[in-house]
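Undergrad: Go ahead and model the full structure; you've got the sequences and the hints to work with.
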Amino acid sequence: MHGSAFRHKLLTVLLLAPATVWLVVFLVLPFVAIVVFSVGERAPEGGYQAAFTMAQYANLPARATAFWNTLILAPVGAFACLLVAYPVAYYLALRAPERWRLILLALIVIPFWTSLLMRTYAWMYILGGRGIPALLSYIGIEDLRLINTPGAVLLGIVYGYLPLMILPIYVSLERLDRRLLEASADLGAKPLSTFVGVTLRLSLPGVMTGLSLVMILLLGEYLIPSLLGGGKVFFIGNALVDLFLQSRNWPFGSAIAVTLVFVSVVVLIIANRVSTRFSGARQVDLI
Amino acid sequence: MSKSYRDGLPITSEEFVSQLMRLKRGSIGRRDFLGLTGLGIATAVLGRELGLSPTPVNAAENLGDRMSIATWPNYHDPATFENFTKDTGVAVQVNVFGSNEEMLAKLQAGGSGWSLYVPTNYTISTYKKLDIIEPLDMSKLGNFDSKSEDGRFTAEGAIDGVVYAVPKNWGTTGFAVNTKKLAKPMTTWKDFWDVAMAEGDGRTMVHDYQLTTIGNALKYFGFSFNSLKSDELAKAEELLIKAKPHLFAVSSDYQPPMRAGDAWMTMCWTNDGAQLNRDIPDIAYVLGKEGGEIWTDFYAIPKDAPNKPAGYALLNYLMNPQVAVKEHLANGAPSTDARVNALLPKEVLDNPILYPAADLLSPLEFGAAATLTDPARAELMARFKSA
Amino acid sequence: MRAFIVAVFAFLYLPIALVVLFSLNAGRHASELTGFSTQWYGKALANPFLVEALKNSLFIATTSALLAAVFGTAAALGLARVNIRTRTIFDALLGAAIVVPGVVIGISTLVALVQLFAVVNPFVASIWPGSTPPRLALGYGSIVAAHGLFSMALVSMIVRTRLGSLDRNLVEASSDLYATPLTTFHSIVLPQIMPAILAGFLLAFTFSFDDFIIAFFVAGAQTTLPIYVFASIRRGITPEINAIATIVLCASVLMVVFAQLLLRKTKPSH
Chain A
1 MHGSAFRHKL LTVLLLAPAT VWLVVFLVLP FVAIVVFSVG ERAPEGGYQA
51 AFTMAQYANL PARATAFWNT LILAPVGAFA CLLVAYPVAY YLALRAPERW
101 RLILLALIVI PFWTSLLMRT YAWMYILGGR GIPALLSYIG IEDLRLINTP
151 GAVLLGIVYG YLPLMILPIY VSLERLDRRL LEASADLGAK PLSTFVGVTL
201 RLSLPGVMTG LSLVMILLLG EYLIPSLLGG GKVFFIGNAL VDLFLQSRNW
251 PFGSAIAVTL VFVSVVVLII ANRVSTRFSG ARQVDLI
Chain B
1001 MSKSYRDGLP ITSEEFVSQL MRLKRGSIGR RDFLGLTGLG IATAVLGREL
1051 GLSPTPVNAA ENLGDRMSIA TWPNYHDPAT FENFTKDTGV AVQVNVFGSN
1101 EEMLAKLQAG GSGWSLYVPT NYTISTYKKL DIIEPLDMSK LGNFDSKSED
1151 GRFTAEGAID GVVYAVPKNW GTTGFAVNTK KLAKPMTTWK DFWDVAMAEG
1201 DGRTMVHDYQ LTTIGNALKY FGFSFNSLKS DELAKAEELL IKAKPHLFAV
1251 SSDYQPPMRA GDAWMTMCWT NDGAQLNRDI PDIAYVLGKE GGEIWTDFYA
1301 IPKDAPNKPA GYALLNYLMN PQVAVKEHLA NGAPSTDARV NALLPKEVLD
1351 NPILYPAADL LSPLEFGAAA TLTDPARAEL MARFKSA
Chain C
2001 MRAFIVAVFA FLYLPIALVV LFSLNAGRHA SELTGFSTQW YGKALANPFL
2051 VEALKNSLFI ATTSALLAAV FGTAAALGLA RVNIRTRTIF DALLGAAIVV
2101 PGVVIGISTL VALVQLFAVV NPFVASIWPG STPPRLALGY GSIVAAHGLF
2151 SMALVSMIVR TRLGSLDRNL VEASSDLYAT PLTTFHSIVL PQIMPAILAG
2201 FLLAFTFSFD DFIIAFFVAG AQTTLPIYVF ASIRRGITPE INAIATIVLC
2251 ASVLMVVFAQ LLLRKTKPSH
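Chains as they are written, first to last, in our numbering: chain A, 1 to 287; chain B, 1001 to 1387; chain C, 2001 to 2270.
Because the hints were derived from the structure by calculation, they are not lab data. The model shown is predicted, which means the values in this text are computed figures rather than measured ones. Every residue, glycine too, gets a C-beta built ideally from N, C-alpha and C. One should not assume that every hint holds.
Restricting the straight-line Cα-Cα distance to at most 20 Å, the calculated cross-link-like pairs of lysine to any residue (SDA-like) are [unchecked claim]: (1) B:Lys1128 - B:Asp1160; (2) C:Lys2055 - B:Asp1065; (3) B:Lys1086 - C:Gln2039; (4) B:Lys1106 - B:Thr1071.
Label-pair restraints from in silico Cβ distances [what the hints assert, rightly or not]: (5) B:Pro1281 - C:Ala2046: 31 to 41 Å; (6) C:Phe2011 - A:Glu142: 19 to 29 Å; (7) B:Pro1281 - A:Glu142: 14 to 24 Å; (8) B:Pro1078 - C:Arg2087: 52 to 62 Å; (9) B:Glu1347 - C:Pro2134: 55 to 65 Å; (10) C:Arg2081 - A:Val32: 25 to 35 Å; (11) C:His2029 - A:Val32: 41 to 51 Å.
Residues from chain B that face chain C, not an exhaustive set, calculated with beta carbons under 7 Å [what the hints assert, rightly or not]: (12) Arg1066; (13) Gly1089; (14) Val1094; (15) Asn1095; (16) Val1096; (17) Gly1111; (18) Gly1113; (19) Asn1316.
TA: Structural data, given as structure tokens:
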């Protein structure tokens, strides 16, 4: 009996050992490292020099705009994504002909397999002077500027994250019991009130999953603002990279990284609260 | 290119003029022009006569099959590297950077993978101090001739008699204006910033580079380009933050948006100014009357270079005046090497973008080493970008 | 409604169409269409740096996804056997691995590894008998590890959800019939969680193959395809890059079609 209990324990330990080592070496240790760095000082030529100071955290307001941009554009981007994604998911789950559904779903996922960088670069071309502005100048609209604006960044965000928003909503709509819709109609509800009262309500878990997924990913976004924002629309991710690649201020960069992790966790907790409140259920699992 | 200058085909004077006009309109590149008109073979013959032919690369040394170089945007004739690969079998990967800080950060972090890079004059002492730059073995650089170099531009390559870097070219930092869009004549950095916030609203670019962006904002008030004084930097920051919402972009790769018509005015280095003006004559290059930067870019080898033999081989290849003159024609910045200048056509030597008048040159300052590592300037730039 | 759907699909595919179109460009720049040619496909495949970047990306994505699939599944199975306190700790860590932004993962891994190497390398050198001691450096290992962190957490979460809906009766029946735990695992559990493991592997592969920001910081001198593309955007993209992107796109579409056909064959009931 003792032998079997021991074997049971040993197997558990063996199963968990690789994950534990991985989590400790590549998650916990790096986090400890940036916490330690964040109370240090910038070395004279840049980099890190040991110290114990809160100066880096005191300097956080110097990046208030970047934090603010992120905290505004992340939810705005996520909601813009939702507005475009919902009708698509609705159509796919409830309206699309059966034999088309799989193909359409595949078509949603396929863009994921072309490098996001390349697709964003294509947008740089479309929004740049040789793209849409050049076409518009044929019909007399001159000197329109699209690239390097918050609008361009927002468009890039909607484009890049659309599939991530469509899929969870699709999953929750697809699981919807159609008899509920019929019952609602049988009981004389108008289509709109059926939609609001039944469809929308029952798809809320999917909506909340999509929203928090996209929002969390946007908090650390770097590429889209740097390519479509021209170094003008700065997210906190851009400010962070800049501190490591240009001003070589590792301690301040570490302090911002620690803060960003903190903000992400807070946003996630709020998203979870809101989602349980609205949907009364846990979020949708994507599989 | 169907006709190569190697064919050595004669060309009629009419053809020559029409090719020259095409070149001026920018529809063919310098290299094609040289090839089509046979000027290339003329310079090659001339070179041989003057004893300037390339020293053959030391075949005994194993150069490997690839190397990587860190340099600046639009800074080389792509054919240079293709020819080097043809001659040596070493493929060259070109990495492009927008500021010396970015190069320094990459080298400080280690594992940059570069075997050659292009630092600016004032940064070399810092690389030496950090011990990440290779003292050059001059015996491997037979094509370099210190006697033909202009001492004004080359001094900072050597420290305590040891050569760490050899010059590529020199130049100035001014601004380029699309005169079709911004007709108002501009001559000063004050004009640049004022127009950026008025007629040039949403169409002006500044470098993603603290030295020039802060330096040229300092010039608005007539302060030194290299100032480290906190009150002067504070005024520069105020101007930068005020201008930020009016800018098109903060980026050191301004040629594409200037060519596409997205940007109308930009801070600009000599070489880019010359390239833009060559292809689009409406784009003018202006040196601020208040002054600004004069610089020399060097070639250097990082201490942890993964392929030093190839780094030396490419550097020696680039020091060959025959190669350098073609590089120069593509890049457009003035050379520091008298041997190269001797091979240049007259219209290049007369180009005021490359060789500004003395009264414009004299107030210019070389970058100061302290600006590279000064934490206040670094943080000011970062604040400006994230504002 | 239809019109809107069509518009959304057009929006999704417009940039992709442009990428493919410019891969057939005759000219040197990926911004001006000057005629059609397939020369860039040949040039792309002859460019040693581009091919190496592609190979690196494939190698890194495969390795990190495989490791993540194995260790993530092991963790999911292990977590089903521990008490609630241990599970909560693991839940928090795995959740953190997913939530912490990539840019922070990249930077903090860089910071930690650089410090670690600064300690380990001189130590190894001091006790090494030979003249060229091994040196730890950023490279394949660090990218695989950093990608694998996120992927492993992802796989373990997906597999755990699947384990939760596992038919317990079957497992019990199996052990009632005196099957060894290994046999039970092999013939009852594994087949049921296999789709989840595969889904996790695919997601992990896709994530690693397309990741730029983490690799950007921990790659050292190695180049992955996204890093190469990013560098190319800065020096002016040539249609070579479009050609490679098009090849990758076609390969993955073919793979999906192939997988679908295979699934249909093995599962005629659907």
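Undergrad: With a cut-off of 20 Å on the C-alpha distance, tell me whether Lys2055 (chain C) and Asp1065 (chain B) pass.
TA: holds (17 Å)
Undergrad: Holds or violated: are the alpha carbons of Lys1086 (chain B) and Gln2039 (chain C) at most 20 Å from each other?
TA: holds (19 Å)
Undergrad: Could you see if the CB distance from Phe2011 (chain C) to Glu142 (chain A) stays within 19 to 29 Å?
TA: Check passed, 25 Å falls within 19 to 29 Å.
Undergrad: Could you check the hint for me, namely that His2029 (chain C) and Val32 (chain A) are 41 to 51 Å apart, CB to CB?
TA: Between His2029 (chain C) and Val32 (chain A), where Cβ atoms are some 47 Å apart, the hint holds.
Undergrad: How about Arg1066 (chain B): closest beta carbon in chain C under 7 Å, or not?
TA: Nearest chain C Cβ about 6 Å off; hint holds.
Undergrad: Given the hint of 14 to 24 Å, check if Pro1281 (chain B) and Glu142 (chain A) actually sit that far apart at their C-beta atoms.
TA: holds (21 Å)
Undergrad: Is the distance from the Cβ of Arg2081 (chain C) to the Cβ of Val32 (chain A) consistent with 25 to 35 Å?
TA: Roughly 28 Å apart at Cβ, these two residues keep to the hinted range, so it holds.
Undergrad: A closest beta-carbon separation below 7 Å is what the hint needs, so does Asn1095 (chain B) meet it against chain C?
TA: With a minimum Cβ separation of about 6 Å from chain C (threshold 7 Å), the hint on Asn1095 (chain B) holds.
Undergrad: Does Gly1089 (chain B) pass the interface check with chain C, least Cβ-Cβ distance below 7 Å?
TA: With Cβ-Cβ at 11 Å, over 7 Å, it is violated.
Undergrad: Does Val1094 (chain B) hold up as a contact with chain C if the rule is Cβ-Cβ below 7 Å?
TA: This interface hint holds because 6 Å falls under the 7 Å limit.
Undergrad: Is the distance from the Cβ of Pro1281 (chain B) to the Cβ of Ala2046 (chain C) consistent with 31 to 41 Å?
TA: Holds: the Cβ-Cβ distance is about 37 Å, inside 31 to 41 Å.
Undergrad: Can the suggested window of 52 to 62 Å be confirmed for the beta-carbon pair Pro1078 (chain B) and Arg2087 (chain C)?
TA: holds (58 Å)
In terms of the numbered hints stated before, the structure departs from hints 13 and 19, listed from lowest to highest.
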